[in-house]
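Could you put together the complete structure from these sequences and hints?
Top to bottom, those sequences are chains A and B. Numbering follows this note's numbering, in which position 68 of the first sequence is assigned residue number 68; successive positions increment by one, without gaps. Residues are numbered in this note's numbering as their position in the second sequence, beginning at 1, plus a constant of 111.
Some clues are possibly wrong.
As the list claims (entries may be wrong) - Straight-line alpha carbon distances no greater than 30 Å define the calculated DSSO-like cross-link-like pairs of lysine-lysine that follow: (1) B:Lys168 <-> B:Lys126; (2) A:Lys70 <-> B:Lys122; (3) A:Lys93 <-> B:Lys168; (4) A:Lys56 <-> B:Lys168.
What the hints assert, rightly or not - Distance windows between CB atoms, simulated: (5) B:Ser118 <-> A:Lys110: 31 to 41 Å; (6) A:Glu5 <-> B:Leu150: 14 to 24 Å; (7) B:Ser120 <-> A:Thr51: 32 to 42 Å; (8) B:Thr211 <-> A:Ser27: 13 to 23 Å; (9) B:Gln194 <-> A:Gln9: 22 to 32 Å; (10) A:Thr77 <-> B:Ser173: 21 to 31 Å; (11) A:Val44 <-> B:Ser138: 33 to 43 Å.
Hint data in this document are derived by calculation from the structure and do not stem from the laboratory. In this text, all values refer to a predicted model and were calculated from it rather than measured experimentally. Using N, Cα and C, we set each Cβ at its ideal position, and we do this for glycine too.
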Amino acid sequence: TQLLEQSPQFLSIQEGENLTVYCNSSSVFSSLQWYRQEPGEGPVLLVTVVTGGEVKKLKRLTFQFGDARKDSSLHITAAQPGDTGLYLCAGAKSNTGKLIFGQGTTLQVKP
Amino acid sequence: GAGVSQSPSNKVTEKGKDVELRCDPISGHTALYWYRQSLGQGLEFLIYFQGNSAPDKSGLPSDRFSAERTGGSVSTLTIQRTQQEDSAVYLCASSLDMNTEAFFGQGTRLTVV
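Structure, rendered in C-alpha cells:
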C-alpha cells in the first residue's frame, strides 16, 4: 500500500516555466519533508514542514503543507536546467522513526 | 566523518551468494535508517536503529535480510542467498535522533547476476 501518492511522476518542461508537484495521502503526518536527488547520490533534504497550512519559501521553490497535514505541494517558479532531478516527498509519523516516501517526480528542465 | 559513508559503492554478485553492506553514520547520530531504491523510484523503508536496537524491522522483505548495529555507530545490512530482485540501490541515513533531519549516504548499488 502506497501511503504517499506523488504526482506527476515525470515532468519535462522548458526553462522559465512554472511547475507544481503534489504529494497526497489519506494519513496524517507529524511532518513532511521534501528531498532532491541527483543520479548516483543520496537524497538531500530541501525543507521540512510541520504545521498544517505552513508555507515555506526557498528562493524559487515554495512548499506548502495542507491544513489537515495529509498533503503537500512543491511549486517551482521560472524553472532552470539546474533544477533537473528526482524530487521526493516523505512523511514522518511521530515517534516511529520511519519516513514514508512517495514514488518521486522526475523533473527535466530543458534549456 | 563529515557525512554518512557507505561501502562498497557498487557491488556485483552472483545469485545465491551472501552480501554485506556497510554504513558509517555521522558521528553522534543515534538514529540510523536503511532504505532500498529501485531505478528512478521512491525509497522503500527497510529498518531503523535507535542506538543498537531496531524497534522497527517491518520493512525487511524476507528472512534473507538482516541488519545489525554495534557500538551505536556502524551498521551492516546482510542479504543471504541473493536473488535478482534484490538488485537495487541500498541507502543508509542517520539523524541526531529519530525526529530530526536525516542525512543520506550515496548508497550501494547492488547488482545480482
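Hints versus structure:
1. At most 30 Å may separate the alpha-carbon atoms for a hinted pair to count; Lys168 of chain B and Lys126 of chain B meet this at roughly 24 Å.
2. Between Lys70 of chain A and Lys122 of chain B the CA atoms are separated by roughly 38 Å; this puts the pair beyond 30 Å, and the hint is violated.
3. Taking the CA atoms of Lys93 of chain A and Lys168 of chain B, the gap is near 16 Å; set against the 30 Å cutoff, the hint holds.
4. For the proposed pair Lys56 of chain A and Lys168 of chain B, the alpha carbon gap of about 33 Å is over 30 Å, so the pair is violated.
5. About 36 Å separates the C-beta atoms of Ser118 of chain B and Lys110 of chain A, a value consistent with the hinted range of 31 to 41 Å.
6. In this structure the supplied range 14 to 24 Å holds for Glu5 of chain A paired with Leu150 of chain B, their Cβ-Cβ distance being about 20 Å.
7. In this structure the hint that Ser120 of chain B and Thr51 of chain A lie 32 to 42 Å apart at CB holds, the actual value being about 38 Å.
8. As the Cβ distance of Thr211 of chain B to Ser27 of chain A is approximately 21 Å, the hint placing it in 13 to 23 Å holds.
9. A hinted range of 22 to 32 Å for the beta carbons of Gln194 of chain B and Gln9 of chain A is consistent with their spacing of about 26 Å.
10. The hinted window of 21 to 31 Å between Thr77 of chain A and Ser173 of chain B is violated, with their beta carbons roughly 45 Å apart.
11. For the hinted restraint 33 to 43 Å between Val44 of chain A and Ser138 of chain B, the CB-CB distance of approximately 19 Å leaves it violated.
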